[in-house]
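**Student:** The primary structure of each chain is shown beneath.
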Amino acid sequence: MPKPGYIYVVYIQAPCEKVWDALIDPEMTKDYWGRHRNSSDWKAGSRWQHEDYDDASQVAVAGMVIENDRPHRLVLSWARPESLDDPDKVSKVTFTIEEQFGSTKLTVVHSELDNEMLRGIGAGWPAILSSLKTMLETGASLPMTRRRWKSGN
Amino acid sequence: MSKPEFVYVTYVETTPEKLWEALTSSEFSRQYWFGTELRSDWKIGSRFALVMNGTPTDEGEILEADQPRRLSCRFRRVLNDEMRNERPTKVVFVIEPRQIREADADP
Chain A
264 MPKPGYIYVV YIQAPCEKVW DALIDPEMTK DYWGRHRNSS DWKAGSRWQH EDYDDASQVA
324 VAGMVIENDR PHRLVLSWAR PESLDDPDKV SKVTFTIEEQ FGSTKLTVVH SELDNEMLRG
384 IGAGWPAILS SLKTMLETGA SLPMTRRRWK SGN
Chain B
42 MSKPEFVYVT YVETTPEKLW EALTSSEFSR QYWFGTELRS DWKIGSRFAL VMNGTPTDEG
102 EILEADQPRR LSCRFRRVLN DEMRNERPTK VVFVIEPRQI READADP
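Line by line, the protein sequences are chains A and B.
Using my numbering, the first residue of the first sequence is number 264, and each one after it goes up by one.
Using my numbering, the first residue of the second sequence is number 42, and each one after it goes up by one.
Each hint should be verified, as a subset may be incorrect.
[Claimed, not checked] Quick list of in silico lysine-lysine cross-link-like pairs, DSS-like style, CA-CA up to 27 angstroms:
hint: 1; chain 1: A; residue 1: K266; chain 2: B; residue 2: K44
hint: 2; chain 1: B; residue 1: K59; chain 2: A; residue 2: K368
hint: 3; chain 1: A; residue 1: K368; chain 2: A; residue 2: K306
hint: 4; chain 1: A; residue 1: K368; chain 2: B; residue 2: K131
Rather than coming from a laboratory, the hints here were simulated on the basis of the structure.
Use the sequences and the hints to build the structure in full.
**Tutor:** Printed below as a string of C-alpha cells:
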C-alpha cells in the first residue's frame, strides 16, 4: 500500500533565488521556522539537519541532500534522527520553485510519510510556509513562528 | 464513493474581521481574484454570484454565514449551458484566530 503524501502550493512575490535562499539561510529560518535552522553544505549526497538555532545539538529532523538545483529544485530525505536507518520512517521532501506570471510558485511535496509524520507536518507546513511568504513580502514573519514549538525533540 | 475534496490552509497576519471583509467585499476581491466582483448580501439562503468584467461566471446560494468565523456557499459555473448543467460545488471558509499549539506543530 502506498504511503501517504502531502502537497502545499503557495505563490510568493519575490524572485526564485530569494525563496530558495530563505529555505537554507539560518537568519531567515529562525524567524519563520520556529527558531530552527537547516544546516548542511547542501551538496547532493551530503547530510543535512534541522536543528535548534541556539543549540545545534537539538536535532529535530535529519536526512540527506538528494538533489540541489538552485534556485528551482531541492530534494531532501527527511526523518527523525533516531529513525534515519529505518527505511519505513524516512520520508522525502521536494521543494520546486518556479517563476510564474511575475510571481514565484513554491510547491512542497512531502512523500513517503508514516501516519505520525503526516499528522505533524500537516499542521506544520501551512504555518511555516505562510510565514515564509509573509516575511519575504512584508519583511516580517508571523510572530507565532519565531519561537520554538517544542522543547528539545 | 466519496467525491473529491480539496483543502487549503493559510495563516494571514490580520484579524478575522478584516479577513471576512476581504472574502465578502468586491473592493478587495477585485484586487486578488482576477478582477472578480462578489454579489451577495451574505445572508443564509441568499443568492451569490461572481462577476468578472461584467460577465457572471458563477452563481449559487449562501449556505452558512457566521461572521467572522464561517462562510459557505454552493455554486456552479455559468459560462455556458454545459457548465450550468453540471452539479454545483460547495466551498467552506473557516476563519480562526489562532496561535499554533505546540502539540500540533512538527517539525
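**Student:** Take the hints in turn and mark each one as holding or not.
**Tutor:** Comparing the hints with the structure gives:
{"no.": "1", "hint": "K266/A - K44/B", "result": "21 angstroms, holds"}
{"no.": "2", "hint": "K59/B - K368/A", "result": "25 angstroms, holds"}
{"no.": "3", "hint": "K368/A - K306/A", "result": "23 angstroms, holds"}
{"no.": "4", "hint": "K368/A - K131/B", "result": "26 angstroms, holds"}
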